[in-house]
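> Residue strings, one per chain:
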Amino acid sequence: MTRAAKKRQNKATSKKALKKTAPSSNDCLRGRLQALVASPALRLVDLTQTLSPDFPPIVLPPEMGQSRPFRMEQISRYDENGPAWYWNNVSFGEHTGTHFDAPIHWISGRDLPNNSVDALPLEHFVAPACVIDCSAQAADNADFLLTAGHVAAWETRHGRIPAASWVLMRTDWSKRGDPVAYQNLDETGQHTPGPDPDCVRFLVNERDVLGFGTETIGTDAGQAAHFKPPYPCHTYMHGASKYGLQCLCNLDLLPPTGALIVAAPLKILDGSGSPLRVFALVPSGRG
Amino acid sequence: MRQREAKVAEATTRAKRKNPILRTPLPTLPPGARSRVALGLTAAAARGALELQVCRDCAAVQYPPREVCRDCLSSRLLWRPHNGEGELVAETVLHAAQELYFRERLPWRIGVVRLDDGANLVVYVHESVRGTPCRIRVEAALDRAGEAVLLAVPPHGSTDLSADPKLREMTCDPRRRKILVTDGKSAIGQAVVRALADAGAEMIWVGEAEPWKKIAGSAKLREVPQATVVPLDVTDSASVRELAGEIGGKVDILVNTADCHRTSAIGARGALNAAQLEMDVNYFGLLRLAKEFAPLLKARAADGPANAIAWVNVLSIFALSNYPPHGTYSASKAAALSLSQALRGDLYAAGVRLINLFPGPVDDEWDQLELPPKLSPNALANALVAALRGSMEDVYPGEVAQDWLARHRENAKALERELSEGNR
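Sequence lines, in order, name chains A and B.
For the first sequence, our numbering assigns the number 709 to the initial residue and increments by one for each residue that follows.
For the second sequence, our numbering assigns the number 26 to the initial residue and increments by one for each residue that follows.
Here chain B stands alone, though its shape is the one from the complex (with noise of 0.2 Å):
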């Protein structure tokens, strides 16, 4: 109890407010252009990854990213999970750039790394590694313009990258931010807020639609000493627009725990009603809060230690392909996943982070036919918390979204037919 006093107090503790005569300096950008083989690089980062490129004809490891072997030129490269082991070679400290993201956060470390396996990167170098040569390992990681770039880390435990001042900007950690939750009626919402909460958030703004309805779980959110609950409905864009005006200027992280799942199959009479409800609430809601809240973010993306960093959508690993027993859901989330995508470009010119999670079936009531394993609030939240310490924008918790993933990374026609077939 007393731990968790002096965590709650820790968290609750204010950093310096800002200076209201001085200007809010504007976002500037990490380099973001890639080629589309260097993308590759990226594409495992958003899922958390390292993956770099191995020759299929002679197993060289290639960096940085190309199309054709360094070694035998060959052409068959394909991309593939690596450990990341390998040994700091070469240190240097940056003391002036031409680009004004690195201006601005001078001085900078780069290293260069020979992994054990040959190749050579160049990388960031975290605070805690010291001294070269020295055993590391290599992490990938999104800089704010969304690109991958690689990190050498301690070679064991889990590293935290918000420990270091500058790497610290390739997370989007919840301590001391302030944050927006906009459901907090759902189990999942209240375990994302709790979970917020114990990550150190500093505030937690939790949504509330139709008041009249009271459910389980809301006295006790009220207990929570970061969160305050306001009055937002995803469905209705005065309320929306309210709550913006009332905190826009002041989110850190918007997480939309806003939801709406029936279970109606495509034919059934109704299916109409409750798709526009899903609708309303999966899309469009994300529509009108992107509206809103999207320019004040992105407004407030370089406002000091406590910037504006984070937007968080609680999709579904139905989005990636329909499952049928929750067609119109699927359909919804499809669209929310199609509308992110816009979103997050939009953010990124900013440098404001869009995470995107695809839980599978969850342990609720609208999945309740659903055979285990289904994911707890709690993992959901966990899951949600983690990514935003770490570095990364598409989640795919538990492991009934690994397997889709996997699933729909192989071959997505595939699972398209498994998944009609009733093969879940």
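Bound-form chain A, shown alone (with noise of 0.2 Å):
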């Protein structure tokens, strides 16, 4: 799809959502955002990873219950199948490729109200975004753990963390191209970067995020089985009606702070997550 037509297709979703919004300065409103959208004031990121067979899921003991990789089966391609037209099934669990964590994903949010991607509100599928560049220790250190104190280091620079906004650790784990090397597993299961339990507590507790994001599979580090609690960025942020959002990529194209976050799982039916496009609309001069 051209970029242009790419536009023209935001610009149509972006209309109905506005109908509902300001119906009185619907025209004049619509109008501005068509060509924030268009001018280069405004520039777009795409921070997805293409679902594709390829693309590695997350590893659990092969007794367990497992998530399904990516899949795509083709119903016709032009053929007799289907003579003018081309579409494939495909099959993926909820946890797979850039994806989003609902809360009720986790046990210490199995009882919250609104927990499944299906009940969400809608209007935290748009939010600010916090990027908080881990990549330089991450490239040291695969098992780099980001801190409290980072995060204060990071506000000392860029200013407070906003309540109900995205944090992303940015680490450009997402520029290992080879499926290996992502995962980076060795006998001691998988080493990648994450939040420590300190760190995830202060900014569900002292800054009530909406979520936190990485680039990784998964929010949590590589080795956070072995944490106090165990996996303490799934426990804590979805303990609080947080969401989580994994294997994005280009977070190095985001600016620190200023970037707006759509990330809008698919409406599943109790569902825990879903794969799903996630973009941010960046104002020019930032990042």
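Source of the hints: derived by calculation from the structure; they are not laboratory data.
The structure displayed is predicted, hence computed values, not measured ones.
Every residue, glycine too, gets a C-beta built ideally from N, C-alpha and C.
Hints should not be assumed to be uniformly reliable.
[Unchecked claim] Computed far set for chain B versus chain A, every beta-carbon distance over 10 Å:
#, residue
1, Thr49
2, Ala69
3, Arg72
4, Arg95
5, Arg105
6, Glu112
7, Phe127
8, Pro250
9, Thr260
10, Ser262
11, Ala290
12, Ala324
13, Ser363
14, Glu395
15, Gln427
[Unchecked claim] Derived CB-CB ranges, DEER-like:
#, chain 1, residue 1, chain 2, residue 2, range
16, A, Leu820, B, Gln393, 39 to 45 Å
17, A, Leu820, B, Gly292, 27 to 33 Å
18, A, Glu788, B, Glu424, 46 to 52 Å
Please dock the two separately framed chains into a single complex, following the hints provided.
Listed below in structure tokens is the structure:
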């Protein structure tokens, strides 16, 4: 799809939302938004990995339930099964590729209201993002842990993390094109960066963020099964109705603050998460 | 070490390359029509056995297969294993034939054997059998159409059918063949690769799924000189299609070792997911491989001495009758067995043989709780190579497989009951 066609599609989607929020100034606001999206004042950044059979899913011991990787079977391609059309059947686990974690995903969030993807408030799907650059540390140490201290240092430079915003941990992990390097498994499990328990507690309790996003498979570090508590990011975030985004990419194209993230999971009944298209609206001059 | 190097050097010496301007010949088949009763011979040959009909009333051995006894006209004829001992009493060499298969292979030696217990048989004569009359042993084999034929071979010791330029076609000897082993990550897959390398395979492509999951033995596998690791995930149609595009036109033997084995009881939570995974590998995986590779193998079924000749599936004895502690796994293997029958018919149309192995419990992590005897991956791999070198299509390696097969043939319903009552 051309960039222009993509923009047309974006405009078409925004039209409906506007009708609801501002019926009186509908045309005027729509026109301004349309102009903004088309203008060089706003940059669109795709934060989504391509869904493909080669993209590695999370690894669990084989006797446990397994999340299915992305698979595609052709229905027809202008052939006897459908002369004029091409389409596929696809299958995958809810937590495949670039995906969204809803609170119900974790046991700590199981009894919360509106905790599955079909019940989440629509306004949460568009939110500001704070991007914490950990790429240098992650390059040195695959097991790098983001601490509350790192977050405090970031706030000193970029200001306080606003409530209801995404905190995205940039590690440049998504640049590891080889799935083996991306998984980074050895006999002691996975070695990928993530937040430490204190950091997550701080973001949840002191900053009331919307959620936490990473470039790795999982919002938690690869070794987080051995933390206290195990998987702190899942435990605390989802226990407090916060969300997760993982397997993001292009975080290096985002400014530390100022980007608006559009992340709307599929509306799956009782769904615990879903693959989704995540993109950022970045005012020009930022990043 | 030196011996091994010499072996490898010999194995890697390529056969003369094909002239690319000549048309690749189409396969022709030996005459395949058999009466239903004659298929009794084929049923035994498929397991590598020689069986002949014996009259229950007068004990006369029968040949060719028939409805009533040649001596007393009793209809009570039973298929019984036969030792094949006898004498080659006459021999002739065929120099003209109407059948295309034989026309392409003339001259062809045929003979008449008198078995020690009286029956006269028409046989193909092995090159190492010389002069009439002489003592011989009759063996059953499968020809390229998958039908039983009888061979006169020397009376003592094992016979190398590959040593005979004509009877070589009854085998699928892996020597100097190019072989795809679909999964080299399991203990069985690795043992199969080593056994095929030792048997003189020219080239072995070894499929590897999910490369991020490193497994023991992976580095050692890469040291096998003929082995090349290739990405292959049989649950991914695109992956199968891509590999078929890359090497499918070169594969002489496909050995499907891809296997997914879970041990959840059918009512267990999560059983459906586990069962889907098993079906995706064991059944749909075979279907994906068949769709992409079978047409390519068939197209090269008569491609000179380095032609496509065989397809091997590692199934399980649980395919014959469901073993409830491995209920979903048994079902997936039964599905694969059924599919392999369709594939076998398809491949035989071009003279490519499909061999199924039905091992009992294997000494691996998924059969951990099964009591011995358990089949070692090496024993399974050796049985696989022996089946390729010999002339059979159903292989039941190990004591458990043999025992279950015997019980299944004797009374399938009884075996079902025994297994469902936990009596392995």
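> Run every hint past the structure and note whether it holds.
Hint-by-hint comparison with the structure:
no., hint, result
1, Thr49, "holds (27 Å)"
2, Ala69, "holds (40 Å)"
3, Arg72, "holds (34 Å)"
4, Arg95, "holds (55 Å)"
5, Arg105, "holds (46 Å)"
6, Glu112, "holds (58 Å)"
7, Phe127, "holds (40 Å)"
8, Pro250, "holds (24 Å)"
9, Thr260, "violated (7 Å)"
10, Ser262, "violated (6 Å)"
11, Ala290, "holds (13 Å)"
12, Ala324, "holds (21 Å)"
13, Ser363, "holds (21 Å)"
14, Glu395, "holds (16 Å)"
15, Gln427, "holds (30 Å)"
16, A/Leu820 <-> B/Gln393: 39 to 45 Å, "holds (40 Å)"
17, A/Leu820 <-> B/Gly292: 27 to 33 Å, "holds (31 Å)"
18, A/Glu788 <-> B/Glu424: 46 to 52 Å, "holds (50 Å)"
In the structure shown, a violation is registered for the earlier hints numbered 9 and 10, in ascending order.
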